[in-house]
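Line by line, the protein sequences give chains D and P. Residue numbering for the first sequence is 1 to 122, as defined by the numbering used here. Residue numbering for the second sequence is 1 to 260, as defined by the numbering used here.
In short, the hints are calculated from the structure, not lab data. Glycine residues also receive a C-beta, built at the ideal position from the N, C-alpha and C atoms. Take the hints with a grain of salt, since some may be wrong.
Unchecked claim - Straight-line alpha carbon distances no greater than 35 Å define the calculated DSBU-like cross-link-like pairs of lysine-lysine that follow:
1. D:K76 with P:K206
2. D:K2 with P:K221
3. P:K52 with P:K143
4. P:K259 with D:K44
5. P:K206 with P:K132
6. P:K193 with P:K206
7. P:K130 with P:K206
8. P:K221 with D:K118
To be verified - Here are some, though not all, of the chain P residues that point toward chain D, as calculated from beta-carbon distances under 8 Å:
9. A56
10. T83
11. Q87
12. T88
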Amino acid sequence: MKGNILLIDDSTALAESLASILRMEDYQVIIVSNGARALAQIEKNIPDLVITDMLMPEMNGIELIKRLRAQERFQKLPVIALSADARDDRSKEGLSAGANLFFTKPFDENELIEAIEKLLIQ
Amino acid sequence: MAWEGYFKMEVNSIEKINLAAHQTAVTECSTSVQRSDEKLNQIISAVSHNFKTPLATIKLSTSYLLKYWTRLEPAAIEEKLATILEQTNNLVYSVDSIVAQRTAAENKIEASKKTVDLLSFFERLVKSLKEKFPHHTIEFTNKVRIQEIEADEDLLQNIFSNLIGNALLYSPHNFTIWLNITESEKSIIIEVKDCGLGISENDLPKIFNSFYRGSNAEGIKGMGLGLSIARRAAEAMNAKIEVRSKPGEGSTFTITIPKI
């Protein structure tokens with residue numbers, strides 16, 4: 001097993017499709033549907049990497065990343081942000097909140113897998 | 001000299017009036033451009049979210065099938081094919097909504113009235129919405145004596161699937177949505193009530209504008225087209241939609257449909 005990934009997206013269909021690929025690539029994946037649930041899950045079990053959507057009910061991706069980065073122990077936790085919003089300001093917002101990388105949907109899964117591998121090596 | 005001075009003064013004041021008029025026109029034009037920009041941003045954002053997420057899902061599912069085909073069980077293949085079909089249907093629905101909005105905006109919606117059995121219409125609608133939103137409760141009460149009205153069933157379907165669908169989307173799980181039908185001498189009055197997020201005072205006058213999404217709608221799926229189309233559909237049947245709402249307390253949409 002290459003690593004534990006926490007995948008956060010309110011679109012169950014998208015999350016399941018991405019998780020299927022990541023599992024085939026030998027990652028263990030847990031899916032939750034918003035930032036608040038992600039924080040609770042991270043408290044229980046710290047993942048090796050987080051992939052989060054930006055726009056979600058209850059707590060969005062930006063808020064989640066800010067809350068993670070506000071805690072010393074999660075400052076180096078690799079975070080990849082995903083968004084369906086292709087505007088530049090959305091990606092800047094994600095990166096300035098503390099995401100390591102930003103991908104716009106629909107993305108190339110091979111590029112995402114490559115990025116995950118690099119972030120986990122670092 | 002006196003005349004010269006008089007003309008100079010006149011010319012100056014005419015110039016000032018013209019300048020003031022130009023400034024007003026420029027300010028109005030600039031405000032209008034800003035509004036158009038805001039509207040365009042809303043449209044881009046709505047279209048981005050409603051198209052790119054299903055597209056991403058289709059792309060990922062297709063790549064998964066192509067890449068790992070030989071390692072997959074038939075059930076896993078079937079599941080991904082079903083996902084692709086479902087997401088394609090979502091895209092078709094989004095395209096249809098945009099086309100319907102254009103048709104509505106150009107006042108091209110025409111009501112084709114026929115006799116509609118209200119009770120069976122709403123029972124069917126409630127049943128299909130309950131299947132889509134299994135975590136909510138829909139309470140349906142019917143207090144009308146007449147069971148049949150003259151209306152366009154497709155337009156009714158559009159109006160109430162939008163209104164009840166919104167009530168469900170904007171209410172947390174396990175919340176109840178009320179659908180009450182009453183009547184006056186000349187009209188059938190249908191209330192769709194929820195205790196969900198509610199609508200702010202600022203958003204309330206704009207909710208029937210196309211592509212407008214409320215300030216508390218972040219993270220909730222939609223393009224901001226449903227209410228705009230529903231209002232046009234109601235107008236085509238000489239019906240009207242009114243709304244009362246308070247943030248945090250929920251919303252009540254009242255639809256008044258003439259009996260004849």
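Going down the list of hints, with the structure as the test:
no.	hint	result
1	D:K76 with P:K206	43 Å, violated
2	D:K2 with P:K221	34 Å, holds
3	P:K52 with P:K143	44 Å, violated
4	P:K259 with D:K44	59 Å, violated
5	P:K206 with P:K132	28 Å, holds
6	P:K193 with P:K206	19 Å, holds
7	P:K130 with P:K206	29 Å, holds
8	P:K221 with D:K118	33 Å, holds
9	A56	4 Å, holds
10	T83	5 Å, holds
11	Q87	6 Å, holds
12	T88	11 Å, violated
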